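Novice: Read off the chains here:
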Amino acid sequence: MSKIHVSTTVNGDAVEYLCDPRETLLDCLRDKLSLTGAKEGCGTGDCGACSVTLDGRLVCSCLVLGVEAEGKEIGTVEGIAEGDVLHPLQQKFIDYAALQCGICTPGILVAAKALLEQNPDPTEEEVRFWLAGNLCRCTGYDKIIRAVMDTAKDMREAV
Amino acid sequence: MNYHSPASFAEASRIAADASGITRFLAGGTDVLVQLRADIVTPDTLIDIKKIPGTGAITRNADGSWTLGVAVPGAELGEHAGLVADWPGVVEAMNLVGSTQVQGRATLTGNLCNGSPAADSVPAMVAASMTATVTGPNGDRTVAVRDIPTGPGKTSLAKGELVSALHIPPRGENAGDAYLRFIPRSEMDIAVVGCAVNLRLDGDTVVEARVSLGAVAPTVLLVEDAAAAIIGSTLDDAALDRLAAAASAACKPINDKRGTIEFRTEVAGVLAKRVARIAYARAKGEIIKGHHG
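Chains as they are written, first to last, in full-length UniProt numbering: chain A, 1 to 159; chain B, 1 to 293.
Think of the hints as simulated: they come from the structure by calculation, not from any bench. Errors might be hidden in some of the hints.
Below, a sample of chain B positions facing chain A; criterion: calculated Cβ distance under 8 angstroms [as the list claims (entries may be wrong)]:
(1) Y3
(2) L36
(3) I40
Under 8 angstroms between C-beta atoms, here's a sample of chain B residues computed to sit facing chain A [stated by the list, open to error]:
(4) T30
(5) R37
(6) V41
(7) T45
(8) L46
(9) D48
(10) A75
(11) G98
(12) T100
(13) Q101
(14) I183
(15) E187
(16) M188
All values derive from a computational prediction rather than experimental measurement. Think of the CB as a built atom: it goes at the ideal place given N, C-alpha and C, for glycine as much as any other residue.
Next comes chain A alone, as it looks inside the complex (with noise of 0.2 angstroms):
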């Protein structure tokens, strides 16, 4: 089977790929455009580590093809800091050492952030179901909630 030729937009740039169509979005962003922030844990879509947006919406890179991404705009999390200046996400789960060995911290930062765009004022509640598919088996999950919530709250007060 011949490579199939994919023009698509990763976090605002116009990028373009030659892939087997069996290659998933996640081995395309890895292994051909060296974007190595989305992690490959289960590789089924149950552990979220390989969270990126899809036009905006949140998904697993593991359960899209990357013959899928054509002509689609694609959000990893080297797209969420702005240049030197990290996102107020990126900032609090330092702040509150919301990760340790930090495998499951760039899916959870890309979910967080697609949360916050949607509510930002959510509940403690739908922050954990909302999150309930980005596995983390170091950290515990609290801390990742606090910052979460804290996060939300300062942007809130920021508006």
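Go by the hints and put chain B onto chain A.
Specialist: Chain B alone, transformed into the frame defined by chain A:
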């Protein structure tokens, strides 16, 4: 694996009809890609239907019925205020499938055609009397959603056939639907038992009802005895007890790690009562939010 992204359902059907080996249609991909990854199903031909016009649309028709594109993800159903107002049970059932990320991709049509007896949305679609347009080599036919799954992982669709749209009937007055499932945790799990109820009232009396169960038989069940148990009642305690007994009596579950036969049979009755109460309250005009509402 040959990847196709046809521009029409007729073309998709033709590609599938002419293909040899294993063919899969790709909508949200949350089952197809998992099976590909796990080497459970490696398609020779993969047909992505998302470039076909209309597959992403939610349409309320002039008669109050709804037409749902086959690639509409669960998250979009949940964000559609009009659809949620008319058919909260169908939407809450689909919204229970997987995580936020999975909701960004997973579709009703995929949940149906994957053929899992535990699919959350299927009992709700059956209770709602939903139908599917099936496009095949000989054109389109309309099939009740209930008649599509035929066993675990199996459907009644023939080679070259695919679901090209889903239809929900007009909601009408004084009616409501609901879905609940039992899982041993609060999120991200597969139904041990699922139950949907769709009913209509005249005053306080139930005049129409459909009760459907999932994960208690090789396919979704439409339990007519359970519906009969509440039709003509005001959903009093005696009617609810008859409903529970009829729901439990219809179960033909398996024993597995998620639940025993005895447990599933008991829980089916318990859920039927709870779901009927929610559907009844919704038919009375109460807003009862789903698990994720």
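Novice: Each of the hints needs a verdict: does it hold here or not?
Specialist: Hints and how they fare:
Checking Y3/B against chain A: minimum C-beta separation of about 4 angstroms stays under 8 angstroms; hint holds. Nearest Cβ of chain A to the Cβ of L36/B: about 7 angstroms, under the 8 angstroms cut. The hint holds. Below 8 angstroms, beta-carbon pairs count as interface contacts, and I40/B has none with chain A, the closest being about 11 angstroms; its hint is therefore violated. About 5 angstroms separates the beta-carbon of T30/B from the nearest beta-carbon of chain A, less than 8 angstroms, and the hint is met.
Because the beta carbon of R37/B sits about 5 angstroms from the nearest beta carbon in chain A, less than 8 angstroms, this interface hint is met. The criterion of a C-beta within 8 angstroms of any C-beta in chain A is not met by V41/B, whose closest approach is roughly 12 angstroms, and the hint is violated. Taken as an interface hint, T45/B does not check out: its beta carbon lies about 10 angstroms from the nearest beta carbon of chain A, beyond 8 angstroms. Below 8 angstroms, beta-carbon pairs count as interface contacts, and L46/B has one with chain A at about 7 angstroms; its hint therefore holds.
Interface restraint check for D48/B: the shortest CB-CB distance to chain A comes to about 7 angstroms, inside 8 angstroms, so the restraint holds. This hint holds: A75/B has a C-beta 7 angstroms from the nearest C-beta of chain A, less than the 8 angstroms allowed. Taking 8 angstroms as the C-beta cut-off, the interface hint given for G98/B holds, the closest approach to chain A being about 7 angstroms. About 5 angstroms separates the beta-carbon of T100/B from the nearest beta-carbon of chain A, less than 8 angstroms, and the hint is met.
Interface hint at Q101/B: satisfied, since its Cβ lies 4 angstroms from the closest Cβ of chain A, which is below the 8 angstroms cut-off. Against a cut-off of 8 angstroms between C-beta atoms, the interface hint on I183/B is violated, since the closest Cβ of chain A lies about 12 angstroms away. A cut of 8 angstroms between beta carbons decides the hint on E187/B: the least distance to chain A is about 4 angstroms, and the hint holds. Taking 8 angstroms as the C-beta contact cut-off toward chain A, the hint placing M188/B at the interface holds, the least distance being around 5 angstroms.
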